[in-house]
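Trainee: Protein chains in written order, with the numbering used here: chain A, 401 to 669; chain B, 23 to 310; chain C, 25 to 361.
Wrong hints could be hidden among the right ones.
Stated by the list, open to error - Cut-off 20 Å, straight-line C-alpha distance, at most; resulting in silico cross-link-like pairs (SDA-like, lysine to any residue):
no., chain 1, residue 1, chain 2, residue 2
1, B, Lys74, B, Arg128
2, A, Lys556, C, Gly227
3, B, Lys295, C, Lys351
4, C, Lys351, C, Glu33
5, A, Lys464, A, Lys519
6, B, Lys295, C, Phe63
7, C, Lys351, C, Phe63
8, C, Lys249, A, Gly479
9, A, Lys555, C, Thr224
10, C, Lys160, B, Val105
11, A, Lys411, A, Gly425
12, A, Lys480, C, Gln82
13, B, Lys295, C, Ala248
14, A, Lys555, C, Thr231
15, A, Lys555, C, Glu356
16, B, Lys295, B, Phe262
17, A, Lys519, C, Met226
18, C, Lys160, B, Ile110
19, A, Lys464, C, Leu159
Just so you know, the hints here were simulated from the structure itself, not pulled from any lab data. The model shown is predicted, which means the values in this text are computed figures rather than measured ones.
Single-letter residue listing:
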Amino acid sequence: MTQPADQTKTKPILRMKNLNKRFGGVQALKDVSFDVFPGDVLGIIGPNGSGKTTIVNSITGFIKPTSGKVYFKDKDITGKPPHKVADMGITRTFQIMRPYYSLPAYKNLVIPLFSPRAKRTGGWRGGGNLGNRQTIAIDILEEIGFERDSYIPFKKTSTLPTGYLKRLELARCLALKPEIIICDEIFSGLSMSEIASMVPLIERLQDEGITIVMIEHRLRELFQVANRVMVLNFGEKLIEGTPDLVMADEKVKAAYFGSKEVEEVMTYA
Amino acid sequence: MEILVYGTINSVSLALMGLGFAMVYGISRVPNFAHGALYVICGFVTWTLFQKLGLPYFIAIILSLGVNGVLGMLMYRFVLIRVRGMNISEIIASYAIGLIILEGLRFGGFRGMTYTLPVFMEGSLMIGGVPVDYHRIVMTIIGILLVAGLWLFTHHTRIGLALQGMAQDERAALMLGIDSDFMAMLAMGFGAVLAGVAATLIMPLGNIVVESGYHVLIMSIAVCIVGGLGSWMGAFFAAFIIGFAQILTVVYIGSHFQMVVAILAIILTLILKPSGLFGQQKELEERV
Amino acid sequence: MSSQHARKERIDRGIKVRSDGLYALMSLRELSYLTLPRFILIAGMMLLPVLMPDMYWQRVISIVCIYTILAISFDFLAHYVGLVSLGGAFFIGTGGYTAGILNTYFGLPPILTVPLAAIIGGLICTLMLLPCLPLKGVYFAIITLMYPLFMARIIEAFDIFGGTDGLIGIDNFSSAFVEQYLVVAMVLMFLSGIRRFVTTDMGLIFTAIMDNDQAVKASGINIAKYKALAVFIASAMGCMAGACLTHIYMWTGISQFALDFSILPIAATVIGGSGTLIGPLLGCLILVPVSELLRDFGTLRIVFYASILVGFILFRSDGIMVFGQRKYEQFERWTKI
Numbered sequence: 401m402t403q404p405a406d407q408t409k410t411k412p413i414l415r416m417k418n419l420n421k422r423f424g425g426v427q428a429l430k431d432v433s434f435d436v437f438p439g440d441v442l443g444i445i446g447p448n449g450s451g452k453t454t455i456v457n458s459i460t461g462f463i464k465p466t467s468g469k470v471y472f473k474d475k476d477i478t479g480k481p482p483h484k485v486a487d488m489g490i491t492r493t494f495q496i497m498r499p500y501y502s503l504p505a506y507k508n509l510v511i512p513l514f515s516p517r518a519k520r521t522g523g524w525r526g527g528g529n530l531g532n533r534q535t536i537a538i539d540i541l542e543e544i545g546f547e548r549d550s551y552i553p554f555k556k557t558s559t560l561p562t563g564y565l566k567r568l569e570l571a572r573c574l575a576l577k578p579e580i581i582i583c584d585e586i587f588s589g590l591s592m593s594e595i596a597s598m599v600p601l602i603e604r605l606q607d608e609g610i611t612i613v614m615i616e617h618r619l620r621e622l623f624q625v626a627n628r629v630m631v632l633n634f635g636e637k638l639i640e641g642t643p644d645l646v647m648a649d650e651k652v653k654a655a656y657f658g659s660k661e662v663e664e665v666m667t668y669a
Numbered sequence: 023m024e025i026l027v028y029g030t031i032n033s034v035s036l037a038l039m040g041l042g043f044a045m046v047y048g049i050s051r052v053p054n055f056a057h058g059a060l061y062v063i064c065g066f067v068t069w070t071l072f073q074k075l076g077l078p079y080f081i082a083i084i085l086s087l088g089v090n091g092v093l094g095m096l097m098y099r100f101v102l103i104r105v106r107g108m109n110i111s112e113i114i115a116s117y118a119i120g121l122i123i124l125e126g127l128r129f130g131g132f133r134g135m136t137y138t139l140p141v142f143m144e145g146s147l148m149i150g151g152v153p154v155d156y157h158r159i160v161m162t163i164i165g166i167l168l169v170a171g172l173w174l175f176t177h178h179t180r181i182g183l184a185l186q187g188m189a190q191d192e193r194a195a196l197m198l199g200i201d202s203d204f205m206a207m208l209a210m211g212f213g214a215v216l217a218g219v220a221a222t223l224i225m226p227l228g229n230i231v232v233e234s235g236y237h238v239l240i241m242s243i244a245v246c247i248v249g250g251l252g253s254w255m256g257a258f259f260a261a262f263i264i265g266f267a268q269i270l271t272v273v274y275i276g277s278h279f280q281m282v283v284a285i286l287a288i289i290l291t292l293i294l295k296p297s298g299l300f301g302q303q304k305e306l307e308e309r310v
Numbered sequence: 025m026s027s028q029h030a031r032k033e034r035i036d037r038g039i040k041v042r043s044d045g046l047y048a049l050m051s052l053r054e055l056s057y058l059t060l061p062r063f064i065l066i067a068g069m070m071l072l073p074v075l076m077p078d079m080y081w082q083r084v085i086s087i088v089c090i091y092t093i094l095a096i097s098f099d100f101l102a103h104y105v106g107l108v109s110l111g112g113a114f115f116i117g118t119g120g121y122t123a124g125i126l127n128t129y130f131g132l133p134p135i136l137t138v139p140l141a142a143i144i145g146g147l148i149c150t151l152m153l154l155p156c157l158p159l160k161g162v163y164f165a166i167i168t169l170m171y172p173l174f175m176a177r178i179i180e181a182f183d184i185f186g187g188t189d190g191l192i193g194i195d196n197f198s199s200a201f202v203e204q205y206l207v208v209a210m211v212l213m214f215l216s217g218i219r220r221f222v223t224t225d226m227g228l229i230f231t232a233i234m235d236n237d238q239a240v241k242a243s244g245i246n247i248a249k250y251k252a253l254a255v256f257i258a259s260a261m262g263c264m265a266g267a268c269l270t271h272i273y274m275w276t277g278i279s280q281f282a283l284d285f286s287i288l289p290i291a292a293t294v295i296g297g298s299g300t301l302i303g304p305l306l307g308c309l310i311l312v313p314v315s316e317l318l319r320d321f322g323t324l325r326i327v328f329y330a331s332i333l334v335g336f337i338l339f340r341s342d343g344i345m346v347f348g349q350r351k352y353e354q355f356e357r358w359t360k361i
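Isolated chain A, as found in the complex (with noise of 0.2 Å):
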């Protein structure tokens, strides 16, 4: 676990004001309110439908929420379409991995690296308005783990295993040089050694800088990496804080109960 930010100096850079969500009948979100300060890993976890991607989807405008406020460095971003949330900086994975199957993956890097965004910025290590977009998509992909002298880069996506797949979501999101990273369950589908080797990716991720809010069900990889913690029960946040201090909540233990995983997390913590 890496030092928690001091939170009583800075502003924080994502605030989520009583956002609620209604699909129908069904109450997704009720009264969801957190911030986020910037350098922070923000981990959310929650039982299945308890809300989680719901609350991505609201963040990056693929949703609007029925009512409440999203600010980003205190500018309203409420219902804004996705595609203006993204140029701000705040950039998400898929749950389920949306590669373009139909290209080689260093391709699927042109994309991001040809918005607005990455004209401006110049992408992650910059110069990527310089038009030599596919060049420095390699560079990406060498840094978030896809070894440059192989073929792997060059091949089509859709032969690509899973991890390198997540991999690439990542990398997408990379390409627009983001302030905020929202991951959407990254650890899942992965084996353990894959895992091992996203972990010390999203610690230098934070490092450079990067806020990060990783929603996830590997609770023990997540406490390894957040220094904060939500957890969410039906749309509702039951609460936040520490690793420590979510662990060692009653009401956390309710909500998952019968959860081995949490068990052992607390065995082992």
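Could you slot chains B and C onto chain A? The hints should help.
Mentor: Using the frame of chain A, we list chains B and C on its own:
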């Protein structure tokens, strides 16, 4: 009063046209663009059996409905089954089959004014000061009975429930031992029979012409889109909306605009609410 | 050898492997392996009008080219942007009427009306299709199928632009030579242009939208803008074809919104090979002359190409061109298991 009476009649005939299309799409997710062709071919088969072979009218109708049903099933079994799930191929393939049938009929000499079917009952009746012939009344009553019958069928019989199950979730239905290909074939057969029923009820009011195939296709698409693709009860209600809108335009603007109304209804519905007025599909998946 | 004990292997020809990169310049043979098909295409298209025996068949070549342009626009929209438009007639009709109106009402010569019709017609089509762009799959297909019918009914109902008779007395191209080489040049231009375009960075965005529009949005790209651009490109091509058609027949009318223009390009694309861009040309070269031969039999030609279409969708859905390319680039052999 005139508007009310003719609006109702027009609406029921639209509903009859659209039911088959809605049924097939609702159950098997196949947009059957050969629907209009099936409609026309039923008319010509009835005509051939009745006028050429001299069979009794009622038997000719039953036979031609059977022929239509078999035709629909064959179409699914030999053509559409191979492109199942590829929406665009389904549209193109079924539309091409429709074209083959319609233009083949036209090439085979089925054109002109000579092809008519007799009405079920001669004479007319005054309803609220508006003369309505018996056939239209019979058509309206049969149409409404048919919808009621379909509702009972899909909700209270084994096959009907199986069809409903498949319409809701094909994979789950497969797991419960429902043969989805067989059911889809059955659905196509039903759709074809419904197109035939519409044909035998509506065609005696005019001539049997090949062009009505395209007309029926557009009308049934209009009804189904406005009602929400895949919901045949929605299609029934949408038929009333479009039916009355058409009669109103005929009365107040001009008969040229009848078709414009239907097409405009399709375009507007798709732009404003693609899931249709009564559709239950998730809007998010279609639009976002 | 029965298939139980053997399987078919497909191996790239050595010459393909060697000529994929820069090495192609090393020998004349490898160079010609790459350039010969392209040379045959260009030379063949240039020679076609000359080789035709009489005026009638030269006219057929023009019609082939017009359908080809339309089919390329369909292929581009369907297989590189993911918008399956069944409304080729909408583009042809809009372009045809625009050219006709510019020519008869404003007296512009064909040399101006054709490019103007492409731009103005393209804008009209794009504006009208703009609200439908969020639609996908069946819904977009149905709505594009409805548009040409809608336009025809509107013109009929309001009795504008000559009503059911259409506009007559439109100027012809100055000579048959100009007419044919204009359309042939347009086909070659669009063919190579679109082929280049889809591999540029911007072209990749279209492919990405087809694969997965959500991820494109999450990448900070306004997909509505790019979809509109794609529709504009496709509809401008279609309108240009329509304008040429109007000037060739010296007439524009409701029948330019007829189903022929929607269904034949699709049939040609499916037969020739979807997503190859050259396939539509091949398909049109086969379908249009045959349907001209069958013109005496009236509607039989529609039956004919609809049957071919069904046959290809069912049994050879990748089309002739994909098959031919495979034969050219790979050899097949049976190997024992």
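Trainee: Hints first: check each against the structure and report whether it holds.
Mentor: Here is what the structure says about each hint:
no.	hint	verdict
1	Lys74(B) - Arg128(B)	holds, 18 Å
2	Lys556(A) - Gly227(C)	holds, 17 Å
3	Lys295(B) - Lys351(C)	violated, 47 Å
4	Lys351(C) - Glu33(C)	holds, 13 Å
5	Lys464(A) - Lys519(A)	violated, 28 Å
6	Lys295(B) - Phe63(C)	violated, 50 Å
7	Lys351(C) - Phe63(C)	holds, 18 Å
8	Lys249(C) - Gly479(A)	holds, 19 Å
9	Lys555(A) - Thr224(C)	holds, 18 Å
10	Lys160(C) - Val105(B)	holds, 18 Å
11	Lys411(A) - Gly425(A)	violated, 36 Å
12	Lys480(A) - Gln82(C)	violated, 56 Å
13	Lys295(B) - Ala248(C)	holds, 18 Å
14	Lys555(A) - Thr231(C)	holds, 16 Å
15	Lys555(A) - Glu356(C)	violated, 24 Å
16	Lys295(B) - Phe262(B)	holds, 18 Å
17	Lys519(A) - Met226(C)	holds, 13 Å
18	Lys160(C) - Ile110(B)	holds, 11 Å
19	Lys464(A) - Leu159(C)	holds, 19 Å
Figure legend: structure checked against the earlier numbered hints; hints not met, in rising order: 3, 5, 6, 11, 12 and 15.
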